[in-house]
Each structure stands twice: as structure tokens, then as C-alpha cells.
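Asker: These are the residues of each chain, in order.
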Amino acid sequence: MKLVTAIIKPFKLDEVRKAVSDIGVQGLTVTEVRGFGRQRGHTEIYRGAEYVVEFVPKTKIEVAVTDAMLESVIEAIQTSAHTGKVGDGKIFVFALTQVVRIRTGERDASAI
Amino acid sequence: MKLVTAIIKPFKLDEVRKAVSDIGVQGLTVTEVRGFGRQRGHTEIYRGAEYVVEFVPKTKIEVAVTDAMLESVIEAIQTSAHTGKVGDGKIFVFALTQVVRIRTGERDASAI
Amino acid sequence: MKLVTAIIKPFKLDEVRKAVSDIGVQGLTVTEVRGFGRQRGHTEIYRGAEYVVEFVPKTKIEVAVTDAMLESVIEAIQTSAHTGKVGDGKIFVFALTQVVRIRTGERDASAI
Amino acid sequence: MIKRSKGLLLLMSALCAPLAHADQLTAPALVSADKLSAGDTAWMLTSTALVLMMCVPGLALFYGGMVRKKNVLATLMQSFGCTCVVTILWWLIGYSWAFTPGNRFIGSSARALFGGMTYIHDDAGGKLTVSHLAPTIPESVYAMFQMTFAIITPALIAGAFADRMKFSAMLIFLSAWSLIVYAPIAHMVWEPTGWLNAAGVLDYAGGTVVHINAGVAGLASCLVLGKRLGYGREAMPPHNLTLTLIGASLLWVGWFGFNAGSATAADGRAGMAMLATQMATGAAALGWMFAEWFSKGKPSVLGIASGAVAGLVAITPASGYVAPSAAVVIGLSAGVVCYFAATSLKHLFGYDDSLDAFGVHGIGGILGALLTGVFASKEISGVDGSLLTQAKGVLTTVVYGFVVSYALLVVIDKLVGLRVTEEQEREGLDISLHGESIE
Amino acid sequence: MIKRSKGLLLLMSALCAPLAHADQLTAPALVSADKLSAGDTAWMLTSTALVLMMCVPGLALFYGGMVRKKNVLATLMQSFGCTCVVTILWWLIGYSWAFTPGNRFIGSSARALFGGMTYIHDDAGGKLTVSHLAPTIPESVYAMFQMTFAIITPALIAGAFADRMKFSAMLIFLSAWSLIVYAPIAHMVWEPTGWLNAAGVLDYAGGTVVHINAGVAGLASCLVLGKRLGYGREAMPPHNLTLTLIGASLLWVGWFGFNAGSATAADGRAGMAMLATQMATGAAALGWMFAEWFSKGKPSVLGIASGAVAGLVAITPASGYVAPSAAVVIGLSAGVVCYFAATSLKHLFGYDDSLDAFGVHGIGGILGALLTGVFASKEISGVDGSLLTQAKGVLTTVVYGFVVSYALLVVIDKLVGLRVTEEQEREGLDISLHGESIE
Amino acid sequence: MIKRSKGLLLLMSALCAPLAHADQLTAPALVSADKLSAGDTAWMLTSTALVLMMCVPGLALFYGGMVRKKNVLATLMQSFGCTCVVTILWWLIGYSWAFTPGNRFIGSSARALFGGMTYIHDDAGGKLTVSHLAPTIPESVYAMFQMTFAIITPALIAGAFADRMKFSAMLIFLSAWSLIVYAPIAHMVWEPTGWLNAAGVLDYAGGTVVHINAGVAGLASCLVLGKRLGYGREAMPPHNLTLTLIGASLLWVGWFGFNAGSATAADGRAGMAMLATQMATGAAALGWMFAEWFSKGKPSVLGIASGAVAGLVAITPASGYVAPSAAVVIGLSAGVVCYFAATSLKHLFGYDDSLDAFGVHGIGGILGALLTGVFASKEISGVDGSLLTQAKGVLTTVVYGFVVSYALLVVIDKLVGLRVTEEQEREGLDISLHGESIE
Ligand SMILES: Nc1ncnc2c1ncn2[C@@H]1O[C@H](COP(=O)(O)OP(=O)(O)O)[C@@H](O)[C@H]1O
Ligand SMILES: Nc1ncnc2c1ncn2[C@@H]1O[C@H](COP(=O)(O)OP(=O)(O)O)[C@@H](O)[C@H]1O
Ligand SMILES: Nc1ncnc2c1ncn2[C@@H]1O[C@H](COP(=O)(O)OP(=O)(O)O)[C@@H](O)[C@H]1O
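Protein chains in written order, with the working numbering: chain Z, 1 to 112; chain D, 113 to 224; chain A, 225 to 336; chain F, 337 to 775; chain G, 776 to 1214; chain V, 1215 to 1653.
If you're looking for bench data, these hints aren't it; they were derived computationally from the structure.
For glycine and all other residues, C-beta sits at the position ideal for the given N, C-alpha and C.
One or more of the hints may lead you astray.
Which bits of chain V does chain F cover? Going by a derived footprint, with three or more residues having C-beta under 8 Å, they are [as the list claims (entries may be wrong)]:
hint	segment
1	1241–1251
2	1254–1260
3	1266–1278
4	1320–1334
5	1348–1354
6	1632–1643
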């Protein structure tokens, strides 16, 4: 099993969620994050004091998937989160050694 | 070493924290997240415009543990976070290739 | 490839960001988290009701790096986030099985 | 009360045809427009606006900031909804039952739907009705001014049952309470035919009618409703004391309309009432702050704000009767006493008066009502106070208010149920009751 | 309007040298200081402060809480900026065009830069100018009071084009609108030489001049500007209804200055206007709340607050003309009608009146203006209402206001562009236009 | 100042037994109740409420929104705590030292604990004391009105030492400052026996006494305390400008009580003062906004709000002396000058006047005081202004205020320490000093 983590542009969240649901993903977890990268932040000025806000708001999505589904999920995220402009974000894939569903105690594949 | 990540119901945080402390966990990290899954969200209506809020507030707990403690920690989380109702959440386990304690520079097991 | 995750003191964020940029890190992702560990929280009292806030605000940094850069990045974070006081935080390293740049579809090393 | 403008009236009557003195009225009456004082009317129009501001947004914010984030909108909704409902009830019958002559316990229905309350344009003679309780201002203004008191009183109760009462049940309860508890008590204490008024009970601006009354109703409701889910186990810190401090500040400012407005005139008595209000509030806020500082080690924003409100509550019955220095004493004691009431009393007895409606308004109101008997100055008010008479007023209100409120709640619980479900309480009232949430 | 103080004036004139009655004035005039009423002046100074409070912070918060977090500061900026710009324009020429005698459509330039508006110190004779529309208060106070109306009206329009208009373009539009639309309409309806005033159109406090006017301008602007990016697709829930409720509450409180202040005196008519305002607001808030409760299953904070504002809007033209019970009817209908206007109408026609400037102020204003013709009481106001005459006023304003606003917007769009870029709208106006953000 | 009601008084005295003219008083005196003007009293009661609202919640929010989230409650606490402490000090001795006749530098102790300030009920003759500075309103009202000025002045200083001063040390400093700096300066400038008053220094509502005074004390405190931890290195953006805008708006609204209230009457002079206040504020806000827009490329919410406050500050000494058009000029210059003062001056000299107490109140106050000398109109005020005389008042206040404040701070630092520890500052004052935090 793998955990697919994607850092995307916030306003893309709904599209991505739909995209992965469509290919059978049952659940995912979302975190508001701030990103630093090629995409530039902005400058704020308060009474003459300038603050360069290097970080841009991003949304992080985590989806646990079976190895079988991995590629299609990556595919779905990449196309739905894509705008072609700098700052579209990244997808990171990790190996999951175990998954447990708290409610039932089910483990691994059946717990996803 | 492993990193145990659990997505739980927010009001269960204290119980879970106590449960893992009791079995000797020294520290953990908590993040507010939003979850999408079998548990339904709610609907908000503002002047006739309906918004289906698919995401439900969840709390994410991350605990780095030695392989030896892994099972007991999973056990502790699963029982303390359990309500039996849909939405109880998931536990994900990852392999940790390294751990460093910033203050001392200690590495791995001793750094946890 | 590896993902380096560091839990640091919030006011250290800028220093750490500079430190890793200096050694060539192109991007990173930041999350506000709450930490529980050796560092004590504080107590709040509202009309006689005492609340022990066990958690202290922390900042989580995630940096995807090539294996080649791993050590230097850990090194950079550890020195820049270091105050020597309890609560400096931890660095966790995970193996990354895949990385994708959403904008271009590039994969792995070139996507970081 | 005899008005400052009497001199002027006399002067005029000396010139014009002699006319009955406004202050001889024993019931609302139609008078010629030039019997009014524009100055008094100006101040009472202003006072009305100030007292409305106390409830919305003042009280709404004071309470809203103290609850958990998931309940803030529901808490604001309680104050706002109460404002709207009582407005209608006051017009329906409340004003008439409270402020028209009647029997010893309740007024007549003469002013139902504000019937008979008139203003006749100058072209048609320039007459209008005035209340016998405020002969130099239009009755419409007096009815509005008193309406704002009728509005904020039930809204205060909500502090005791925050976070767990159904909005529907609350509307039913507050409506019934406003008519069955508030109106009669207001009549007994303030209308000359009321027996407590006749008995000489002093309540300048509502320490008894408003605060003790709301306080004991609050106690009744937290007893009937029970504690909040997880009370004592889960942390329930105020989510945003910025709102609470804005609320406390607007309460303070608005209270000038409440107390100085109760002079129903822009005169020296109003000035004394305002000054006493300010002194007591400052003293009480410091009293609470230092009591907390010494006993807990830190002065808190919630503490100083609560202290200010405690002082405002305690000086309410006394303002207009006492000198500034007496006000300082009243305020100081209110700050310290209410500090212990709010921080210890409820934990001692174990009821969940969530936002201390009883601890601050009940206790502070009782303290103020009694001290009014001690400090009332004949020079300022023309009357002497009596601890015993005051105690009579307090006791009547405590017993009547508590018993009837308790009964009402039990009945409504049987009929529609008072409390939200466990899931609703867990999810928060904002989403579960109102389908809204704040970011 | 003949004042309460007439009696006093008579009395004095009987003693002093006979002097022209203030109420015979047909243009601003210099009078002796003792012709003023301190009571009326006190209330009008207060009313001015109350109406300014309606716009900042009242309206600013009412709107600010309804937008998304990324646009809240920009929304506050619209109200605040409008306040400053209109202040200058009113001094420049606005007041003169609106409130000095002129032709049937617009006033003269006699008071440009407030020229001729004087106060002469007692040492030099103690004289000052008064407006023929408010002879018992200083002209400076009347001009200030009316300025606050001129300020809030364009600020109301912003609700329709929230989240997408350039701040620069907005300043240009509101400035032009204030002079080309507001001033003439105010003159036509309120200044005796204005043709609608002569025609007998009743508008006590601005249902036509302020609300219909702003409402149709809002409709025009959301038509010209088009919908918000992602409208209908993306969720755009209000980010913080706490602010909206504070705003609604301050609007309610301040509206007493708006309506009761329009009596330009502290008299019985002002009292009736205040009472009517309160009754209508309470009834409208409940009307909207229950309409929503029944149709959607939950009463919302946004709903009850919107209902209150709808009631305030609808009673604005009627207050001072109608009895309290009539006000309840007007309010109730306004609550229900505006509920459907705001929740269905715009979705029906598919325009994006983001914060319902038209749905609440336009519709509510029209309803109120017409019902004023139905419920106006001769006893209270000395005049009879006529549905037809009212309709004439409504139609004129709707047509003139809509057409000119639409034209203005199209022209300004050509000149400087009305709308922000897609990136700016996406990032949020706070950062993109003002370089600021809230935590 | 001779009152509008003089005409009426004359009329009455012509009829009744001749009585001394209120305006001949040189010290507080006992007068018959019918010597008062209900209209003037109504306005002064209102003004008092408005000025209190300026400090809490107005100033508290204006400052609270500008600090970092971890310090917002501590900042609110500074304003609220100051309000309570000064209330007690004013009663203790402050009022007496400031507003009773004494020597050239300070008043007598005749009114300590408000002793001798009386109101005698009509039954006992209907007499009361009035101040020689406001003979047509009760002395209690005048003392309350002036108390609100004494309250907000030290609260303004807090803007300079935000985020780093101990709450305990602040209470000690502000208390001492209120008695040793505020009271004497108020006496010198406003009480006839004060030498600056005798010298003809014009300060209608406190440009010198309040703003210059607070501004230089602020400068002294940020010099003594030093910079905030991480100043210049770490970002310290305002955490929530919504609060700041609410605060600025309430300051604006409340300032009508401050300036127009300083007429101590509801007359034409008050009207002129209100109008001048509005014009200057609008002009200053636009001045700052455009200055920033041109120099930095964007108009900001913090900018327009700061500009409004700068205008209010600058017009404070001039209102009541100048015509509306002069007010526009004063406001515009204040907006532009303070913009540069707040954005460049402190970076130039490198002191950390955190919220620009000196940059806005100090500079704006000095500018306004001097321009009052230039624009004062004899027609309106009965007196001519003199730049030189004004400069004398400014200089005295700057030197006295700065030196004494500096000395006080150094002494208190020695005694109890002024500054929090580094850990406390890092963690935030809300938690470290008050044990509270906002979500
Ligand atoms: N090496 C990295 N480690 C972790 N997160 C990264 C890394 N590089 C980029 N990110 C995340 O991806 C986001 C987008 O990256 P950016 O370089 O701005 O654009 P792009 O993805 O189009 O190259 C960043 O804001 C950051 O949150
Ligand atoms: N495949 C997944 N990947 C990541 N997070 C998930 C996944 N499935 C569920 N979750 C998280 O677990 C939470 C609970 O899951 P849900 O399906 O609602 O109930 P249950 O865990 O009882 O099956 C979700 O809100 C989401 O945060
Ligand atoms: N076992 C762990 N798993 C996950 N996070 C941890 C763990 N131990 C500590 N942390 C994180 O590191 C932070 C600092 O740890 P702490 O024990 O307080 O100080 P130190 O890192 O100096 O030992 C904690 O607040 C928590 O966020």
C-alpha cells in the first residue's frame, strides 16, 4: 500500500477530490499548508514596514491507496490539479507498512 | 523505527494522548485536518445558496516509535480513539529511515 | 529520494528556510502543528476554571531531497533550528518512492 | 419624579392659562405638546438607543466570546432573537401589564397593542400622550425606553444555559418568562399601584427587576437543563475574549442610558446617576482584577471585564440614590464578591452556570439592592433607604422569579424538550441548529 | 415641519419684539441664536453620530462578514473610503445641490464649500444660519446630519459588486453617483422646490432617496460587472457572521438616528418614528426567520440579521407617518418578501447581487415606499398618503437611478476598467488591491 | 463661554428675581436647578458616553488589531485597565487638580473625592453645583465628561510601548502620569487660573492637553523601553485590521462627543465643531491614502484608518475655532504629514514607536495646535489665534510632558522593572501576563 501526498493550489481541491472519487477512492485527508518554491509570494506594507511573504497558501491531500490503484490515482491528481502555471505543486508517494481502520480494527487493504 | 499516523475524531485527542503516554510515549505531534470518507459532512445555507461541506474536522496525530513499541501504540490508539461510529478514522504506519533530536543531535532510537 | 520532516520552534522558521535555501533546496512545505513532549505547555484560568494546555505551538517543515543532499539538509536544519533549550524538536526522514511535479509531469529527482 | 423643567413650566403657567402639573398624573394622559421638554426627550431618545446597543451587539458579544467557537453564532442568535421577540410581546401586552395602573401585582390591558398611545400632529392641535412615570417626554419614547429593558433582561438569562438549549425551546421560554415573570415584577417594583413600589422598595434602574430577576431565572435554567456535555472533563475555554471585551465595553457605555436614562430627564439627578455608575464600574473592575491577581497570580481580561459588569449590575438599583463615594464602595464590594461567586460558588455547588448569569447578575443584583438601602442619600433622592424594605424586594423577586422560571422550564421540557441531542451539542449549535459556521 | 417648541417660541415672541416664525422660511436664513432649541439640537447632534456609526463600522461589518476571508479588508475599505470621499463632495457641492432651493430637479450652488453657512459668536451678536428644513437647529448640524445620509447611500451599493470591483474605479463611480444621482433625487423628494416633494411623495427618512436609489444602482452594477469568478461552482460562504451580526446590530441602533432623527426635533413625532422603527424591525426579523425556518428547516443568523435590515429599510419612508401597529404589518411583509427576493429572485434571473443590495434595499425600499401610501396616518403626520403618488416617486427613482447608474458604469469601464484581473480576484482583493491580509 | 440659552436666561431673569449670570462664575458654585439647560445637559450626557466609547472599545480595538495575535488581549487590557484606574484617580484628586481654581500650574484640592459636588433634590430646594467652565449643565456631568478625556489620554500612550511592557509597571506609570502630567497640563491650558489659558493658548478639545501630551510621553516610553524583540528582523504585521478599522470608526464617531462636546452646550458652536471635525477627518484620511497610494503603489486599510485618526487629532484643538473649509486644509496637511511621520520618521531615527502614538498623536497634535493659531476665526470663536502663543503652549507641553514622563519611566524601571522577560515577550503577553489566549 502507498500513501499519495499531493501539494496543490487551494482552489483545485474540489476538482481533485471529485477526480479521485470518480476512480473509486473512498477517502482522503486534507491539510492547509504554506508552500515555498518557484512560485513567488507577495509583499505587504504596514505603515512603511515591508513584509515579504515568501510562503503561498497551498492545500495538502493525503490518500492511502493499494498498489494497484497507485498509478491511476497519481494520474487523476496530476490532471485535475494541473493549471500549467508555476506553483501547481507536487505529488509525493510513500510506502505504507500498515493501515488500520479504527472503527473496525480491519487492517491493510481492507482498511483503506 | 516507525511513524504512526492516526486520523481521529477531534474530541478524542485527550483520551488518545493519555493512552499513549501511559504506555511510555514521550511525545507526539498534532495537526488539525479535514477528512473526507464514509462519514458524511453537513449542509450550510446562506440566503438560499446551499453549500454541502463534504469535509469533516479531524485531528491527525503523529507518533514516532521504535519497532518494539509499534504494536502496543497502534493498540492504544485504536482502543482510545474508538467510538464504533463511522468516522472513527485510520491509522497509517510508515517506516522511518532516520530520526534526529535537534537539541542534542542524538540520532534514531535515542532521539525519539 | 527522501522526505525530511522537521518539527521546529515557530520563530525559527525563517532561519531554517534560509539555511536550506542556501544549500540549494528549491522548495519546502510548512504546516502549523501542536506538539506534546518534554517541553511543558502552560496553564490558562477562566473564572476559576484551570485549563492545562499541554500542547505547544510548533512548525512542521517538509523537504523532499535527493539522497545526495540528505545529510547536508539534515545538517542545515539541525544547526539553524537549534537553540539548545528543550523543545527544539525533531527531524524525521522517510523514503520517497516517487515524486511528480504536477505542472510538468516530470518525475522523481527532476521533479524535486 | 419632579422635573428640573418645573421652574420653566411654572414660569409658563404663570403666563398661559394655568395647567395641571405633569407630575400630578397617576396614569398615562393626553397633554399639549408644549408640556414636553425637548431636552429630556433628546436624552431619552438617546438612552433608548444606548440600552438597545447593550443587548445587540453588547451582550451578544460579551457572551459570544466566552463560548466555544462552534457555538458562537448560536449564542449571538439568542440575544438577537430575544430582542425581536420581546419587541413584539411588549407591543402586544407587556408594556401595558407593566406600566399602566392596575392591581398590586399587574397592570391593566389598556395599552395592549399600544392602543391609546397617541401623537396628534400640530395641525390637529399638537397633543400627545405621556406616561405618568415620565411626564416631560412622549409616551412613545417612554414605552420604547422601557422596551429595551424588557429586551435585555431575558437575554441575560441565556448566559446560564449557553451551548445546550434548543433555539425553539428558548424562544418559548423567554416569551413566557417575559410576560409571566418580567412584566409583573416590573409592575410591582416600578408602577405606583405595584405593592413593592408602595412598600418603598428602591430600584432606580432595575437591580431587582432586571438583574436579580434574570439571575435567578438563570440559576433555575442551569439546574433544569443540567451541565454541558463533558463539563469538568473537557476544556471549554472562551474562544475569543476580544469579542467579550468589546461586549463589556459596549455594555458599560450603554449602561449610561440604562442608569442615567432612568432619571427620564436630562437633569442633575441623571448626572449623579451617571457619575455613580462610572465610579462603581471602575472600582468593581479593579476589585475583581486584584482579587484574581492575588488569588491566582494573574489579572485576566475576562476578569476585569466581568468585574466591570458586576459593578454595573450592583450600582443599577443604587444609581440616582447614592453619592459617588458610596458608589465606589458598592462597586468595590461587588467586584470582590462576584469574583468569588463566579469562581467558587458554582464549583462548590456543582451547577453549570456556564457564563455566570447568576454569579454576576444574581449575586451582584442582590448585593446592590441591599446596599442601596444602606447608602441611599435623602439629599440626592428625597427618600431614605431601608435595608429591610430592600430585603423584602429581593426576597419577593428571588422566590417568585425562581419558582415560576423553574416551573416554566419543566413544563416546556415536557412539551417540546429543552435540550439539543448529544450529537448536536458535540457538533456545535452553530451548524446543528442554524446551519452556519465561522471560519 | 412645525415644531414642538412653537409654543415656547410663541410665548417668547409675545414678550420680545415679534419675530418671523422659523417655520415660514423657504430658504436657509440667518437667525438669532435664541431661536434655536437646545433640545432639538442635542438630539440632532446625537442622530448625526448614530447615522455615521451605521456606515462605519455598521455597514462595513455587515458586509465584511459576508464575504470570503480574502476580501474582508477590501470590503471594509469600500465603506470607509466612501465615507471619506462623500464627506468632501458634500462640502464641495452636494449639500447645496440637494438642500437649497433651485429648480424642480436640482438645488442651487449657493452653499458650495458650505459658503454662507455661518455661526456668529455671541460677542458679535449671536446669530447663525438655519436650514428652512430644520429651523430650530443650526444649519451646520442639519448639513452634517444629511451628510451622513449621503455617505451611507453609495456605500450600500457596494454590496452588489463585492469581491470584484477595482477600488479606484469604485471611488470614481461612487463620486459621480453621489453628485449625479443622489443629490438630484434628494432634492426632488425632500426640498420643497423639488417636483416629487411638491407632488406630495412621502419619504420620511429615505426609503426612496436612500434605499431604492442604492438598490437599483446595485442591480445595475452587478449586471455591468458580471458574476464573481466561480459563482455557482465554488462555495462562497460568509467567512465570519459574527461581524455581520455586529454590523446588523449597529445598523439597528444607528437607524434610530436615521428615522427618529428625520424629525429634526426631539418631539413626539420623533418618538413615534423611533417606535415604528423598532416594531417593524422586530417583525421583519421574525418574518424572515420563520419564512426561512419553514422553507429550509433552520433559522439562521444571517437570516434574522438580514430580516432586521429589511425591516429597517421598509419602515424608513413610513416612520413618522404610521402608527406602531401599522409598522408591525409593514415589517412583517418586508421580512417575508425580502426573504424570497434575496433567496430566489437573483437565482431566478441569474445575476450575482453578491450581498443582496438590490434584494434587500431595492425591494424593501419599494415595498416600504408603497405601503407608506397605504398606512400613512393623518393624525400623526397631518397628511394623507396615496399609493399612486408613492408609485410615482418609486418609478421616477427606479428609472432615473438605474439608467444613470448603468450609463456611468459603462463609461467608467471604458475609461479605466471596473473589474480586477482574474489573478487578483483569485488571490483576493485584500492582498491584491491593498497589500494587506488578516490572520 | 456665553451660552445660547443666554437669551432665555435673560428672558427669565427679566421675570424672576434678578440672578447672577452663570457665565460670571469663576469657580464651581451652587445654583438653582432651573438655571440648567436640559438640552445642553442631554448633549453632554451623550458626549460623555461617546468619549468613553472612544477608549473602550474604540482605542482598544484600534491598537488591538495592529499587534501580533499573541498580544491582542494584553493590548485590550491596557486600554480597559487604564479606564478603570483613571476613573478612581479622577475621583480621588485628578478632577480637583485640573478644574478647580488654583495657582498658575495646578488647581486646588477642593473637589478631592468629588467633595462639595452636590445635587439637592427638588423636595429640598432643587439646587446643584455647576462648574464655572460649563454653567448650564450639572457639575457631575462636567466632571464625568472631563473624566473620559483623562481616561483616553494615558491609554493613547500605550501605542508606543505595545508588546513589551509589564502590565503592573504600566498601571503604576499611567497612574503617576495621570496625576503629575495630565492634571497640571489640563489646568494650565483649560482652567482660567492656568497660565497658558491666561496667555491665550487656544485648545478647543485637547490637541495640546491630550494628543501632544500623550504623543511625547509615548516617545519617551519607547526610548526608555527599547525596541521589541526581533524588531526589524522578524515580521510583525498587524494580526487583524478588521479590529483596527472598527476601532478607527468608533474613534471617529466618538470624537463628535470629544470635539462638539467641548462646546459644553448643544448650540451652533457645537455644530460648527462637529462639522469641522468631519471635514478634517475625511480630508486627512484621503490625504494619507493618496500619499501612500502614490509612494507605495497601494492604498491600505491601515493607511486610511490612520489618516482618519491623524485628522481627528489635528482638528481637535481647532474645532470650534475654525470654519469647515479651514478644517479641510488642516485635515489634508495632517494626513500627509503624519503619513511621513509614521512611515519614515521612526525608521529614520530608529526608535520603535510600535503603533505610532508619537507619529500620529504627537506630530498631528503639534500640527493642529499650530494651525489653530493660523486659522482661528474671530467670527466663530470671538477670539483671534496667534501662531506664537500656540507655539508657547506646544513647547511647554512637549518639554514638560517629555521630561517628566521620561523621569517617571526611569524611576519605575529601577523600582519594579518596566519590561517583560524575553521568554514572556516571545511567548506573547496574552499567555505570559494574563494567562489567556484567543483561538
Ligand atoms: N522540495 C520540496 N519539498 C517539499 N515541498 C515542495 C518542494 N518543492 C516544492 N514543494 C511544494 O510544492 C509547491 C509548488 O512548488 P513550486 O516550485 O512553487 O511550483 P512547481 O510545483 O510548479 O515547481 C510549493 O509551494 C511547496 O509547497
Ligand atoms: N484512503 C484514505 N486516505 C487518507 N485518509 C483517509 C482515507 N480514508 C479515510 N481517511 C480519513 O479517515 C477519516 C475517517 O474515514 P471514514 O471513511 O469517514 O470512516 P471510517 O474510518 O470509520 O471508515 C476520513 O475523514 C479521512 O480523514
Ligand atoms: N515521538 C514523537 N513523535 C512525534 N513527534 C514528537 C515525538 N517526540 C517529540 N515530538 C515533537 O517534537 C517536539 C519537541 O519535543 P520535546 O520533547 O518537547 O523537546 P526535544 O525535542 O528537545 O526533546 C514536540 O513538541 C513534538 O511536536
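Asker: Hints first: check each against the structure and report whether it holds.
Answerer: Hints, one by one, checked against the model:
no. : hint      : verdict
1   : 1241–1251 : holds (count 5)
2   : 1254–1260 : holds (count 6)
3   : 1266–1278 : holds (count 7)
4   : 1320–1334 : holds (count 6)
5   : 1348–1354 : holds (count 4)
6   : 1632–1643 : violated (count 0)
The structure shown violates just one earlier hint, number 6.
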